[in-house]
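Position chains B and C relative to chain A; hints supplied.
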Amino acid sequence: MTKQPDFIPTSKFLDELRRYQKGSVSRRHFLGVTGLGMAAAVLGGAVPGLRPRKAYAGLSGTLNFTTWPSYFAQENLDNFTKNTGVKINVAVFGSNEEMLAKLQAGSTGWDVFVPTNYAISTYKDLNLIQPIDLARLPNYDPATQEQRFTAEGIIDGQVWAVPKDWGTTGYTYNSKAMSQKPTTWKEFWDLTRNEATGRVMVHDYQLTTIGNALKYFGYSFNSNDPKELGEAEKLLIEAKPHLFGINSDYKPSLIAGDAWMSVCWTGDAVQLQRDMPEFVYVLAKEGGEIWSDFYAITKDAPNPDAAYAFIDYILTPQINAVEVQAHGYPSPDSRTNKLVPKEMLDNPVLYPAAEALSPLEFGAAATLTNPLRAEIMARFKAA
Amino acid sequence: MNLFMYQLHRGVVGEVDSVIEFRKVTKRFGDVVAVADNDLAVMPGEFLSILGPSGCGKTTSLRMMAGFEQPTSGEVFIRGANVTGVPAYRRPVNMVFQHYALFPHLAVSANVSYGLRQRSPKPAAAEIARAVDEALAMVRLSGYGQRRIHELSGGQQQRVALARALINRPAVLLLDEPLAALDRKLRRDMQIELQNLQRDVGITFLLVTHDQEEALSMSDRVCVMREGRIVQTGSPRELYDRPVSRYVADFVGKTNFFKGPSAGEVLSIRPELIDIAASEAELPAGVSARFSVKVLNRIFLGEHTEYVVAHARLGEFMVMAPRKTERHAGLYEIGEMIAAGWRPEAERILPND
Amino acid sequence: MTRSAGRPQILTAALLAPAVLLFAVMLLAPLLVIVVFAFGERAPAGGYAAAFTFDNFLNLPARGKAFINTLTLAPIGTLLTAVIAFPVAYFLALRCDPKWRVTLLVLVMAPFWTSQLLRYYAWIMLLGAKGVPAWLSYLGFPDIRIINTPWAVLIGAVYGYLPLMVPPIYVSLEKLDKRLLEASSDLGATPLRSFLQVTLPLALPGVATGAMLVFILLMGDYILPQYLGGGKVFFIGNALVDLFLQSRNWPYGAAVSLALVAIMFVTILVYMRFVLGGSGQRRVALV
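Residue numbers (this note's numbering), protein chains in the order written: chain A, 14 to 396; chain B, 29 to 381; chain C, 13 to 299.
Next up, chain A with everything else stripped away, as it sits in the complex (with noise of 0.2 Å):
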């Protein structure tokens, strides 16, 4: 049970659709692409004649790739296949929950997987993933990487998954159609029930949708303390009537008009504004969520050895900075950042001032697995 079927990636999917709503792809291409992919999405496909490269010499079969959406550079999976002869199968989620579930109603058959830094300990204690040989990640230098986003894939020493970016949570508004400028969460809810109403978006998980619901009150974005989350609930249950909907894939709406104001990752910020520069994108000034995801390879992984070679294929700097590129997120990688246009390094949406970093919070594990959370989470959407 995938909330996001796959009969084609989403992420193609939207990105198609959005080229096909810019008018650079005719009608009859975007039908071909994203209606008639109704199979699986094998992504790359076997190409015949191209002999794999002799540093992957022995690889074979298919390599299952769980991410999230627009989250990865199609050419790099396709260079990937080509030198390879492995075919990546990449399915798309919603929620580390969800990603979590999955994992542990087990016989996934996914390779390679890509949690975000407060779950891994989970994960680990769950025995869901296996550790990370570095030696066999030549590419990956942690010297390199910053420490902050690397610490939570080590765990007593061992490394259990490596990182692949970072960003942080805040929102994003439609300047064109609001005529306030919020600047915090407070603005934010307050918004909501007011002068934005029927048109705001949050996330379909709780960690940041119950987490910037406290910030509105000053609390922890982490906070399990019951009397706070108590508050946190009531806030949203009342602001639930105001918003056009629940939903991590909010990008359409904002996009078609629907929605004015969302709760937003950096990426897709800069993926809006790319398109659409009347996209403001708020870090709030109560501070909110800072996050990095791992690549980590799961316990019962068919095919080891090309994930092996693919999360080392994909941390070489200059692959790195491609897939930087097409998605939007920084790399905590030193070596990668180096490669990576001048215009993206200055963007203060990805890479934000120090003063704005700081008041922001790793999301915790106890904070991702708490019952209560999840069952008012379950209260608000059901409301």
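Since the hints were made in silico from the structure, they are not lab data. Values in this document were obtained by computation on a predicted structure and should not be read as measured data. The beta carbon of each residue, even a glycine, is placed where N, CA and C say it ideally should be. There may be inaccurate statements among the hints.
Quick list of simulated restraints, FRET-style, between CB atoms [said to hold, decoys possible]:
{"id": "1", "chain 1": "C", "residue 1": "Asp67", "chain 2": "A", "residue 2": "Glu244", "range": "22 to 28 Å"}
{"id": "2", "chain 1": "C", "residue 1": "Val273", "chain 2": "A", "residue 2": "Ser188", "range": "46 to 52 Å"}
{"id": "3", "chain 1": "C", "residue 1": "Asp67", "chain 2": "A", "residue 2": "Pro239", "range": "17 to 23 Å"}
{"id": "4", "chain 1": "C", "residue 1": "Pro99", "chain 2": "B", "residue 2": "Gly230", "range": "27 to 33 Å"}
{"id": "5", "chain 1": "A", "residue 1": "Ser188", "chain 2": "C", "residue 2": "Arg113", "range": "52 to 58 Å"}
{"id": "6", "chain 1": "C", "residue 1": "Arg113", "chain 2": "B", "residue 2": "Thr100", "range": "51 to 57 Å"}
{"id": "7", "chain 1": "C", "residue 1": "Val273", "chain 2": "B", "residue 2": "Phe57", "range": "52 to 58 Å"}
{"id": "8", "chain 1": "C", "residue 1": "Trp112", "chain 2": "A", "residue 2": "Ser120", "range": "43 to 49 Å"}
Okay, now just chains B and C, sitting in the frame of chain A:
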């Protein structure tokens, strides 16, 4: 000129006394002419059969009377009113369908009362109930009102179909091969029952059939059709005794055909009009044509015996011999030479169509 | 004698065995797991922990809104689908040129062959601010919102389930004995009355079959309310997705599933009692 003559003149009414009338009715389906330029008048109270092989246009004619088909050209009159173009639900005729077409989702009584319930204004419930009881009694199905259709036998379904049509007191009851689905014994019973019913209710019956025995036994008049045309209309006896053509003689009853006086003609002699005897001398007086024939085959049928005999020049022909003409109350043997002959009035010269 | 009678029985058993096995494995085994889970407890990190408690069932009212939403929108959606499917099926079965019939039937089914996600995204665009509401605004009805409302879910339900509703109605109309309509007309019924008194009652088993199919699938749907309801129109299916995939409270999810299965079971019983029972008798007469 009185009003009636005026209307007749203007074509407002048909013949004085016909209940249904076809005037120059033609029906084409694409290139196929199903009914060709027919005139037909059905008289009140009569039992008329349209007889012909399948594809002769008899069912199409019936469907044009019911209003399911409209003529390509020509006019249809019911009780003197021109109903050409009038749909079935506004015509005062009712039909008994070949496979009855009873409503499977309705009980027997609801099937029977269906026609009354379509009337505007709708009759009172008590009135409908009484009419249904009467109609069911008429077809000897009293007490079957609450039965479901699928619980009934074929014969019972046939009678429900009759009751459902007759309850409306139609100007004409149209019957489309109503007995075809019944077995032989039941068919015989229903033939008698239909005749009695028709006499009792006094409603005009118009029956379509391919079964000549059925048509001859039940009808006041029979209308023989061939390839869309009416070839002869008359009483069963007229058709049998004075067929207008080889086609009618062949279709109605059994007969022997011999070479006629000219190329376009045949000589028809009914097998029961041929006398046989042990020798030519023993043939009855008045028999003009006398032949010496050989018995080829013999079928004993009780009240009479059917012989196939052969004559050197005439060829094979059939003889129907009543018991009393047989020698010593016995039978002629196969291979035996006997004499056959007929009176001049048995001979019919018919167009060989 | 006994041997010859025994052999077909063994053959029958052998032929039925795969189906019975499949039925047991595919249907009964998961149901058994759900029943066991429903009496358990949520493990500290989510999932299932063995226990025997009725708490999960007693807590069902906490998802009351989801049940109410589902049990109002699913019947309305089913009804709307039937109302729209009937004329389509009627046209295909009784009015259209037989040479076009197969083509048109295939066209009715065609949306089924494209990705469900794609179709819902198309509707998100159509019902979103730049779609139908923009046209309505142009016609003088400003600020009408459709997407992420129950209306969008109903539109999606009709669109999504029409291909399931049309075929059973089509089949019941197609096998309808056309002579019954002639008989009705012959007995004085106008075309409208013939339709109401003959066509409609005889097509009802098909309508009921389609309605049952659609109703049961719609009750269990979570993708439709998720996409066209935007998380604001919350069905039991969405509650289940949340319970199994987000909060990982499997025992409570199992209890909610059982409640849903119970509702579906009752629906099927009602269908079999009132519709199949009636039409089973009719079928005998129709043949």
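Exercise. Should the hint that C/Arg113 and B/Thr100 are 51 to 57 Å apart at their CB atoms be regarded as holding?
Worked result: The hint (51 to 57 Å, Cβ to Cβ) is violated, given that C/Arg113 and B/Thr100 are roughly 27 Å apart.
Exercise. Can the suggested window of 22 to 28 Å be confirmed for the beta-carbon pair C/Asp67 and A/Glu244?
Worked result: holds, 26 Å
Problem set entry | CB-CB spacing for C/Arg113 and A/Ser188 relative to the 52 to 58 Å hint | Between A/Ser188 and C/Arg113, where Cβ atoms are some 55 Å apart, the hint holds.
Problem set entry | C/Pro99 paired with B/Gly230, Cβ distance criterion 27 to 33 Å | violated, 46 Å
Problem set entry | Pairwise beta carbon distance, C/Asp67 to A/Pro239, judged against the given window 17 to 23 Å | holds, 19 Å
Exercise. Range hint 52 to 58 Å: satisfied by the CB atoms of C/Val273 and B/Phe57?
Worked result: holds, 56 Å
Exercise. Is the hinted range of 43 to 49 Å satisfied by the C-beta distance from C/Trp112 to A/Ser120?
Worked result: Taking Cβ atoms as reference, C/Trp112 and A/Ser120 lie about 47 Å apart, which means the hint holds.
For this session: Given the range 46 to 52 Å, decide if the beta-carbon distance of C/Val273 to A/Ser188 lies inside it.
Result: holds, 49 Å
Checked against the numbered hints given earlier, this structure breaks hints 4, 6; the rest are met.
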